[in-house]
Amino acid sequence: MIGSLLRRLTRRLAGTDSSYRRGDGRVALLFLLPDLIPFLAFTVLGVFATFGLSFSRWDLVTTPSWVGLDNYSNLFSDDLFRKVVRNTFVYTLGVVPLSTALALLAALGLNLKLPGSLVLRTAYFAPYITTLAAAALVFQWVYDPRAGLIDSVLYAIGVPNPPEWLNSTFWALPALIIFGIWRQIGFNIVLFLAGLQGVDRNMLEAASVDGAGRWARFRYITLPLISPTTFFVVIISTIGSFQVFDQAYVMTNGRFYPDNATNTVVGYLFQKAFVSSTAELGLSSAVAWLLFLFVFAITMIQFAVQRRWVHYG
Amino acid sequence: MPVLRERRPLTARQRAWRIAIWLLLVAGALLVSLPFIYMVVSSVETNEQIGALTPQFIPNPIQWDNYATVWQQLPVGRFFVNSLIVAGAITVGQVITASMAAYAFSRLRFPGRSLLFAGYLATLIIPFQVTLIPNYILIHYLGWNNTYQGLIAPFISSVFSTFLLRQFFLGIPNDLEEAALLDGAGHWIIYSRVIMPLARPALAAVVIFAFLGSWNNFLWPLVVIDSESLKTLPLGIVEFEGEYTIQWNLLMAGASLSLLPVLAVYLAAQRWIVEGITLTGQGGR
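Protein chains in written order, with the numbering used here: chain A, 1 to 313; chain B, 1 to 285.
To be clear, the hints were calculated from the coordinates, so they are not data collected in a lab. Because the structure is a prediction, the values reported are computed rather than measured. There may be inaccurate statements among the hints.
If you anchor each label on the Cβ, the simulated ranges turn out as follows [to be verified]:
| no. | chain 1 | residue 1 | chain 2 | residue 2 | range |
| --- | --- | --- | --- | --- | --- |
| 1 | A | Tyr220 | B | Pro197 | 44 to 52 Å |
| 2 | B | Trp64 | A | Leu29 | 54 to 62 Å |
| 3 | A | Tyr220 | B | Gly88 | 44 to 52 Å |
From chain A, some residues computed to sit far from chain B (all C-beta separations above 12 Å) [claimed, not checked]:
| no. | residue |
| --- | --- |
| 4 | Asp210 |
| 5 | Asp246 |
| 6 | Trp309 |
In this text, a Cβ means the ideal position worked out from N, Cα and C, and glycines have one as well.
Isolated chain A (complex conformation) (with noise of 0.2 Å):
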């Protein structure tokens, strides 16, 4: 969708762009001029000032210094914040490629229109439009090691020792993927549904009469056909999952324990501009500047690896 619209916007930037009409330019302006000044203010000047502000020592008491690369260098030689960026990386390995495989055969099993279906898809969408933090909380008291929902069942089942999730250093992570997986995954299967909108039945069937069985069908028409819906999905929660930050917050009561297992790229940098004691406005800057080029560079990779499995028709 945003893909094929940065094409065709190109090609219009490459030619000459059509007629422009006499007096359009200053209504133009009048009618932008409401959106673009909080544009500006706060998305642009925003950018470019991280920018800026991530070569600076500035705790917004004192006068800001110039720093040079050093909150680049303290970064990459802070293990708290290598382990903040191999869980956020974690998460969004665990998260992307399931809630993607799994709306997908949701996706696939609603476009059947069996009975029901409405309600169905309510149900598995219901979890993206929910508040995330209080949903967090919820999930918090599902995990709770000795009455929540999970392991009181695990007990009663017999299972002697069950997980003690955001308890303990191995577990925490996996139940935050949890929770994004089942954030994600309605939000993903409305976009696989309309992509399965496209998919032409008379070729299915066609396929159908020549023999071809249900995962031939699936693997040599369906989902070439549905690859563009695929691509998008898979960047659109990708860049989600490396934004993970509530959810962490409100299960550990905003500690990140137990050791910062559940610690994430957003993480540290609300805590070094807002929790320690002395704001380090410059280097949360660096990490939201890292966090962009991160964001950007996936988004660009994915863009450049589309030609090899993305089918637009």
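Position chain B against the provided structure of chain A, taking the given hints into account.
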């Protein structure tokens, strides 16, 4: 070209497949809904029941008082009103700013239009957290920490909403406004009398996304709000957790109070949400 074809009756094998798939879908939907069910059940349990080590799935007796208790211990009403004010202002703001900008992008021909729109689109991939620090500094210097305007300002315009409306406006045929132009109507009239009424479905999507996005926002209120009286609902409920020994039944009552309105909006407006996502490939977050 739609082809009429008679439905072949399903073979026994196909019917078995369909039943198996349906059962799987139902099981998955139940699993996904389980946390909500557990939340509501826990919210009306007694302290003894909720602390019990054996799973308690049926509250006995149903203790509705938990809701009253939460309401008394916490200024839930206050949080609720704060969330409503902030989400309301952001929603109205985005409808105005985004629809006007979308009109310019879709109906006016001015130099640099494509370039400016490409610039808008490019920022869609920038996570909010990337601009968090400068936004905080800006709000700090405006003296807007701990104010409604501090909560509202960064979200008063939205590239996503502008994008969504522009896509929709492009699909509205030109005939009507050309007639209006011949009658001497200016752009403001065309925008407010022709385009806006026709754009109701897309505006509904913007309203819902803006409202839910604001209602769900956690990081920004966490950063700019200290005072109890200005906390939004998610922030208030979550910070309640830290202040007392954890009473899960009360916390779940609080969570229900903040989630149920959102779920209600979703059930009522599901169609627009799904259409909005399909139109733009994004949700308003």
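So, going through the hints one by one against the coordinates:
no.: 1; hint: A:Tyr220 with B:Pro197: 44 to 52 Å; verdict: 47 Å, holds
no.: 2; hint: B:Trp64 with A:Leu29: 54 to 62 Å; verdict: 57 Å, holds
no.: 3; hint: A:Tyr220 with B:Gly88: 44 to 52 Å; verdict: 51 Å, holds
no.: 4; hint: Asp210; verdict: 16 Å, holds
no.: 5; hint: Asp246; verdict: 5 Å, violated
no.: 6; hint: Trp309; verdict: 18 Å, holds
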